[in-house]
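Residue numbers (the working numbering), protein chains in the order written: chain R, 1 to 116; chain U, 117 to 232.
The hints are simulated quantities; they were obtained by calculation from the structure and are not laboratory data. Be careful, since some hints might not be right.
Below, simulated BS3-like cross-link-like pairs (lysine-lysine); rule was C-alpha separation at most 30 Å, straight line [to be verified]: (1) R/108 / R/56; (2) R/2 / R/56; (3) R/108 / U/182; (4) R/108 / U/171; (5) R/108 / U/136.
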Amino acid sequence: QKEVEQNSGPLSVPEGAIASLNCTYSDRGSQSFFWYRQYSGKSPELIMSIYSNGDKEDGRFTAQLNKASQYVSLLIRDSQPSDSATYLCAVNMRGESGGSNYKLTFGKGTLLTVNP
Amino acid sequence: GAVVSQHPSRVICKSGTSVKIECRSLDFQATTMFWYRQFPKQSLMLMATSNEGSKATYEQGVEKDKFLINHASLTLSTLTVTSAHPEDSSFYICSARGDNINNEQFFGPGTRLTVL
Numbered sequence: 001q002k003e004v005e006q007n008s009g010p011l012s013v014p015e016g017a018i019a020s021l022n023c024t025y026s027d028r029g030s031q032s033f034f035w036y037r038q039y040s041g042k043s044p045e046l047i048m049s050i051y052s053n054g055d056k057e058d059g060r061f062t063a064q065l066n067k068a069s070q071y072v073s074l075l076i077r078d079s080q081p082s083d084s085a086t087y088l089c090a091v092n093m094r095g096e097s098g099g100s101n102y103k104l105t106f107g108k109g110t111l112l113t114v115n116p
Numbered sequence: 117g118a119v120v121s122q123h124p125s126r127v128i129c130k131s132g133t134s135v136k137i138e139c140r141s142l143d144f145q146a147t148t149m150f151w152y153r154q155f156p157k158q159s160l161m162l163m164a165t166s167n168e169g170s171k172a173t174y175e176q177g178v179e180k181d182k183f184l185i186n187h188a189s190l191t192l193s194t195l196t197v198t199s200a201h202p203e204d205s206s207f208y209i210c211s212a213r214g215d216n217i218n219n220e221q222f223f224g225p226g227t228r229l230t231v232l
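With the rest of the complex left out, here is chain R (with noise of 0.2 Å):
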């Protein structure tokens, strides 16, 4: 069964604080890794990919791989209110059949709630 792991949370911090999101994956062959977050009775808002090991940053999100650990995680700085909602990873993986059909795999998501 290929699998994606986040902590269900919720997780809360204050504003303008740190909110750290940790994701791993079972597939050791995934390529490419997403970040999505959803506001609650809302649809997903991919905000972040990622493609290679290390760090890639967006403004206030920084994204980071490590393959070898198969573990992706987002950081959020300067955290604001507005940032609270659901973010779920989602992996590409190879399906059950194998071959080119790669569909996203989701995590349950992780609640973070950002405090005034």
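We have chain R; now place chain U onto it with these hints.
Structure of chain U alone, referenced to chain R:
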């Protein structure tokens, strides 16, 4: 990012009726579209994957005769929930992926289905 629309955003219907949901990629050609279902406080569950011009691939446990998927063009996919029952009430979300090496998927805003 790329834009995906869904229609309708909300539908309420009587048990036994069929409901059609449309998913459109507005500014790119979607070679692959995905249909997800999300129950309250649960993660996204992939129902099926569809490629333009071919039959959809359904995930295990998803009834293909109940959830009819058509991907007739590179910008439109439809999901028809046939003979809907209250247990089909859920948040249905489509996503689309273009012909890009990054495998990014973009989600539509979702359709909230309530079956009375």
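Going through the hints against the structure:
1. R/108 / R/56: Satisfied, since the Cα-Cα distance of roughly 23 Å is no more than 30 Å.
2. R/2 / R/56: Satisfied, since the Cα-Cα distance of roughly 25 Å is no more than 30 Å.
3. R/108 / U/182: Cα-Cα ~26 Å, so holds.
4. R/108 / U/171: Since the Cα atoms of residue 108 of chain R and residue 171 of chain U sit roughly 29 Å apart, the hinted pair holds (cutoff 30 Å).
5. R/108 / U/136: Answer holds: residue 108 of chain R to residue 136 of chain U is near 28 Å, not above 30 Å.
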